[in-house]
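Enquirer: Heads up: the protein sequence lines correspond to chains P and A, in order. So that you can map any letter, position 63 of the first sequence is 63 in our numbering, and since no number is skipped, the others follow by simple counting. So that you can map any letter, position 72 of the second sequence is 72 in our numbering, and since no number is skipped, the others follow by simple counting.
No lab work stands behind these hints: they were computed from the structure. It is possible that some hints are incorrect.
With a Cα cut of at most 27 Å, we get these calculated BS3-like pairs of lysine-lysine [stated by the list, open to error]:
#, chain 1, residue 1, chain 2, residue 2
1, A, Lys168, P, Lys238
2, P, Lys242, A, Lys170
3, A, Lys219, P, Lys238
4, A, Lys219, A, Lys170
5, A, Lys170, A, Lys84
6, P, Lys219, A, Lys219
7, A, Lys170, A, Lys69
8, P, Lys242, A, Lys168
9, P, Lys57, A, Lys170
10, P, Lys219, P, Lys57
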Amino acid sequence: MGFDFSNHQRNAFLESRGIASAKATSTGTTIVGLKYADGVILGADTRATQGPIVADKNCEKIHYIAPNIWCGGAGTAADTEFVTGMVSSQLELHSMSVGRTARVVTAMTLLKQHLFKYQGHVGAYLIVGGVDPTGPQLMSIHAHGSTDKLPYTCLGSGSLNAMAIFETRWRADMPRDEAMELVADAIKSGIFNDLGSGSNVDLAVITKDGTEVFRGYEKPNERGAREGRYVYRRGTTKRLGKETLLKFDVQTVPVEVVGGGVGDRMEVDA
Amino acid sequence: MGSRFNPYTDNGGSVVAIAGQDFSVIACDTRHTAGYSINTRYAPRSFHIGDNVVVSVVGYMADGNTLVKRLQQRLEWYHHQHNKPMSVHAVARLIQTMLYGKRFFPYYVTTLVAGIDEKGVGAVYSFDPVGSYEREWCRSAGAAAALIMPFLDNQVNLRNQFDENGNKIKPELLDLDRALVLCRDAFTSATERHIEVGDGLEFTIVTKDGVRWENHALKLD
Numbered sequence: 001m002g003f004d005f006s007n008h009q010r011n012a013f014l015e016s017r018g019i020a021s022a023k024a025t026s027t028g029t030t031i032v033g034l035k036y037a038d039g040v041i042l043g044a045d046t047r048a049t050q051g052p053i054v055a056d057k058n059c060e061k062i063h064y065i066a067p068n069i070w071c072g073g074a075g076t077a078a079d080t081e082f083v084t085g086m087v088s089s090q091l092e093l094h095s096m097s098v099g100r101t102a103r104v105v106t107a108m109t110l111l112k113q114h115l116f117k118y119q120g121h122v123g124a125y126l127i128v129g130g131v132d133p134t135g136p137q138l139m140s141i142h143a144h145g146s147t148d149k150l151p152y153t154c155l156g157s158g159s160l161n162a163m164a165i166f167e168t169r170w171r172a173d174m175p176r177d178e179a180m181e182l183v184a185d186a187i188k189s190g191i192f193n194d195l196g197s198g199s200n201v202d203l204a205v206i207t208k209d210g211t212e213v214f215r216g217y218e219k220p221n222e223r224g225a226r227e228g229r230y231v232y233r234r235g236t237t238k239r240l241g242k243e244t245l246l247k248f249d250v251q252t253v254p255v256e257v258v259g260g261g262v263g264d265r266m267e268v269d270a
Numbered sequence: 001m002g003s004r005f006n007p008y009t010d011n012g013g014s015v016v017a018i019a020g021q022d023f024s025v026i027a028c029d030t031r032h033t034a035g036y037s038i039n040t041r042y043a044p045r046s047f048h049i050g051d052n053v054v055v056s057v058v059g060y061m062a063d064g065n066t067l068v069k070r071l072q073q074r075l076e077w078y079h080h081q082h083n084k085p086m087s088v089h090a091v092a093r094l095i096q097t098m099l100y101g102k103r104f105f106p107y108y109v110t111t112l113v114a115g116i117d118e119k120g121v122g123a124v125y126s127f128d129p130v131g132s133y134e135r136e137w138c139r140s141a142g143a144a145a146a147l148i149m150p151f152l153d154n155q156v157n158l159r160n161q162f163d164e165n166g167n168k169i170k171p172e173l174l175d176l177d178r179a180l181v182l183c184r185d186a187f188t189s190a191t192e193r194h195i196e197v198g199d200g201l202e203f204t205i206v207t208k209d210g211v212r213w214e215n216h217a218l219k220l221d
């Protein structure tokens, strides 16, 4: 995966002259992870921002890396998306090659080596959690490539809000229900007190027996019904004129379908 | 190189003002922010300064609150010197001079004024930070101004709407209930898409009989 840096010098010059470059979509974000009695739980909010504007009210920040390894991502949305997808592919090949279940430390190593190579320009801040043959593992990774192995951690603009909740109530070996409630409360703390986070709570519970993903585990911010009715009469928009363009000869040609149908469809809104 | 002290902060928030046949209304959200944090979920942004005139300020609230305070003081002077209530167009002109007085260290706010003019018709005036002003039928200001103004243009002034014969539909002055519906919908939508808008909505409704307040909840995230 090579990056094209040919605009870098020009952009740096423009920035020094006060011409700001376009801001990438950042996930704002509150993401958390903790270890509990039977494994790990990851949590995330669902708001994606472009500056002060909400770009996506219900985006997915808990990414799949392996059936037993999932990853919460904060920072630049495209970076978290691609870097987790890339490592997921690499890990699947590696797992088949060595004939073993994927390990969290492997995912972590692949991620940190990639991120360090790009010196922080790949803006991915990740919480990787999973259960592998060595047990439950929880790690955080920063864009420059540093990692921490922790029993509980938070990342993103709402991380301080979430950590306040964790530091008050986390203890080792919590039961499942209590741990899920703690994660949800930490994310909600970010959702309501951090402007960069909002909308819903997503959860992923990973144990040695598998992963359960709760998309929309809590939805404390449903939009109320609109009061007015905004329906336009047909013809409200004025037609100013009509222009006929070149006519093309349209032929119907039968096309042979090769390969699968629905399964090959490209994912466009991941 | 080092960075200089920045005397201004943006406290977020949005305001909408609509004038009708015999009323005018200002709707403000009540969220007060700094960066990604919320300072308070209820900080009033519109003030009844007297004489059936309501002033709302949005932007840097330290400057906004001070402007309103100084305006109230000037209104008291006016009462003593002229022995009569100040008409809304006179208040508007006074605000222009107050704002331009700080042309080289401006009040970092957008100001909206709502009242009833001397013919009994609703009046709304909007100002830029250094005092340029204009009377309008409707205006949105603040963080979500760009999101709300096109909606107001379409629904209040009926822009881009044509009848069966291709003629522009002539806008009629709104009645109060319709104005309030538009304001509430504008704010619930702005709250969805702008992080600095939310928490609560406060209406100030001005009629010849006086000023009344109404509150409405907005999303807290």
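Enquirer: Which constraints among the numbered hints does this structure fail? Numbers only, ascending.
Expert: Violated hints: 3, 4, 5, 7 and 9; rest satisfied.
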